[in-house]
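For the record, the sequence lines run as chains X and C. If you read the first sequence in this note's numbering, its first letter stands for residue 199, the second for the next number, and so on. If you read the second sequence in this note's numbering, its first letter stands for residue 122, the second for the next number, and so on.
Everything labelled a hint here was simulated from the structure, so no lab data went into it. Note that the structure is predicted; figures quoted are calculated from it, not measured. Any given hint could turn out to be false.
Facing chain X, from chain C, some residues (calculated, C-beta under 7 Å) [unchecked claim]:
#1 152
#2 163
#3 164
#4 166
#5 169
#6 221
#7 222
#8 223
#9 226
#10 228
#11 229
Pairs of lysine to aspartate or glutamate, DMTMM-like flavour, derived with a Cα cap of 25 Å [to be verified]:
#12 X/234 with C/149
#13 C/135 with C/165
#14 X/268 with C/222
Covered stretches of chain X, as calculated for chain C (at least 3 residues, CB under 8 Å) [to be verified]:
#15 243-252
#16 297-303
Every residue, glycine too, gets a C-beta built ideally from N, C-alpha and C.
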Amino acid sequence: GQQVMQIPQYQHVQEGEDFTTYCNSSTTLSNIQWYKQRPGGHPVFLIQLVKSGEVKKQKRLTFQFGEAKKNSSLHITATQTTDVGTYFCSRSSVVEAGNMLTFGGGTRLMVKP
Amino acid sequence: DTGVSQDPRHKITKRGQNVTFRCDPISEHNRLYWYRQTLGQGPEFLTYFQNEAQLEKSRLLSDRFSAERPKGSFSTLEIQRTEQGDSAMYLCASSFGGYQETQYFGPGTRLLVL
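Isolated chain X, as found in the complex (with noise of 0.2 Å):
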C-alpha cells in the first residue's frame, strides 16, 4: 500500500529543548496532515499542508510540506510537558468520493520536566 514512514519512532528531551518528527513517502502527496493524540485520547487534528514547500506555523510548532511533497515535518520549539504524546502524519487517498486517511507510525514525544 502507499505508506507513509515516520521518524523517530520515539523521543525523550528535556523540557525546553526542541523536537523534530520526519514523515517520509515514496509516491508524491496530495497533501499531509498532521494529528497529535495524548496518551488515552484520540487524534486531534493539528494541521493539513497541500502546496509544495509550504509552512505553517502554530506557536511553537512549525510545519513544513518537502518541494517534492514526499516529506513533512513537525519542529516545536522549546517543548513543554504539555507537548507530550504521539504524533501522528496521516496522507489521503480518493475512495468513492472520500479521503482515505493512512497514517504514519507516529512519534511518541516525552518531555522530562
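Dock chain C against chain X, hints included.
What follows is chain C alone, placed relative to chain X:
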C-alpha cells in the same frame, strides 16, 4: 459539546460475543469514517459513509464486521463472534467533505476481548 461522540467508551467482552458501537458525528458533517487503532500503531481505515451510503470497505473489515448509518446521521459498528485479535480502539471520524477535507475524530471505543 458539538464534537464527535462515541458510545460506549470502553467495552470488555468474552470471545464469541457480539458487540455494537455507536458514533454520533458532528451534526453538519455528511461523511463518517471508522478506523481501528491497536497499541503503538496509527489508526487504520475500516469503512466510510457518505450520508447513509456505505461507499468503501477495507480488507481489514472481515465478514464478522458490519456498519450502518441508516438515516445519514449516527452510525453503528457491529462485530459478531468477537475474537481476541479484535481488541483495539475503534475510532469514528466525521467531515464536511470536499477534496481537502479535515477529519475530526471522536474519543473512541476501547474494546477488550477476553
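Between the stretch 243-252 of chain X and chain C, are there enough contacts, at least three residues with CB-CB distance under 8 Å, for the coverage claim to hold? holds (count 3)
Next item in the hint list is residue 228 of chain C. Is there a CB on chain X closer than 7 Å to its CB? 5 Å, holds
When the least beta-carbon distance from residue 166 of chain C to chain X is tested against 7 Å, hint result: 5 Å, holds
Annotated coverage of the stretch 297-303 of chain X by chain C, confirmed only when three residues or more have a Cβ within 8 Å: Coverage by chain C holds here, the residue count being 7 at a Cβ distance below 8 Å.
Per the CB criterion, is residue 164 of chain C less than 7 Å away from chain X? Cβ of residue 164 of chain C sits 5 Å from chain X, so the hint holds.
Take the shortest C-beta to C-beta distance between residue 223 of chain C and chain X; is it under 7 Å? With a closest approach of 6 Å, the residue 223 of chain C hint holds.
So if I understand the rule, the pair passes when the alpha-carbon distance is 25 Å or less; does residue 234 of chain X with residue 149 of chain C pass? Status holds; Cα separation ~24 Å.
Given a cut of 7 Å on the nearest C-beta pair, is the interface hint for residue 221 of chain C held or broken against chain X? At 6 Å from the nearest chain X Cβ, residue 221 of chain C passes the 7 Å test, so the hint holds.
Interface hint outcome for residue 229 of chain C [beta carbon to chain X under 7 Å]: 5 Å, holds
Under 7 Å, Cβ to Cβ, is where residue 169 of chain C needs to be relative to chain X, so tell me if that hint holds or is violated. Holds, about 5 Å.
Quick one, are residue 268 of chain X and residue 222 of chain C close enough, alpha carbons at most 25 Å? 20 Å, holds
Would you check whether residue 163 of chain C satisfies its interface hint, that is, whether its CB is within less than 7 Å of any CB in chain X? Holds: closest Cβ of chain X sits about 3 Å from residue 163 of chain C, inside 7 Å.
When each numbered hint is compared with the structure, no violation occurs for any of them.
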